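Trainee: Sequence:
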Amino acid sequence: MPIQTVMDSTGDSRHFFDSDDARELAKAEQRFRELTNVGFTAAVRTGSGQVSQIRSFDPTAEETLFFPRLVGG
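Note that the working numbering has the sequence shown beginning at 26, numbered continuously upward.
By construction, these hints were calculated from the structure, which means they are not laboratory data. Remember, predicted model here, so these are calculated numbers, not experimental data. Hints are supplied without guarantee of correctness; some may be wrong.
[What the hints assert, rightly or not] Capping the alpha-carbon separation at 25 Å, the derived lysine to any residue pairs in SDA-like fashion look like this:
| id | residue 1 | residue 2 |
| --- | --- | --- |
| 1 | K52 | G36 |
| 2 | K52 | L90 |
| 3 | K52 | T35 |
[Said to hold, decoys possible] Across the chosen pairs, the derived CB separations fall in these ranges:
| id | residue 1 | residue 2 | range |
| --- | --- | --- | --- |
| 4 | D43 | V69 | 26 to 34 Å |
| 5 | A47 | R94 | 15 to 23 Å |
| 6 | Q55 | M32 | 17 to 25 Å |
The C-beta atom is built at its ideal place from N, Cα and C for all residues, glycine as well.
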């Protein structure tokens, strides 16, 4: 089952969805858009310990990770 993992200052939250369910798929795509619109970077796992940045929702990705924008001083 595909998962979207959102990293933030409190740890992470995990959102599982059924890619065969149109409603769940739409909700996952909406979450993707909302997070990337506020500055999160989206990436998919490409191998053990490796990720590749994506710029559009991929309903076939097993795991999508969302990283917050880094803030420097």
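Trainee: For this structure, which hints from the list above don't hold up?
Mentor: 4 and 5
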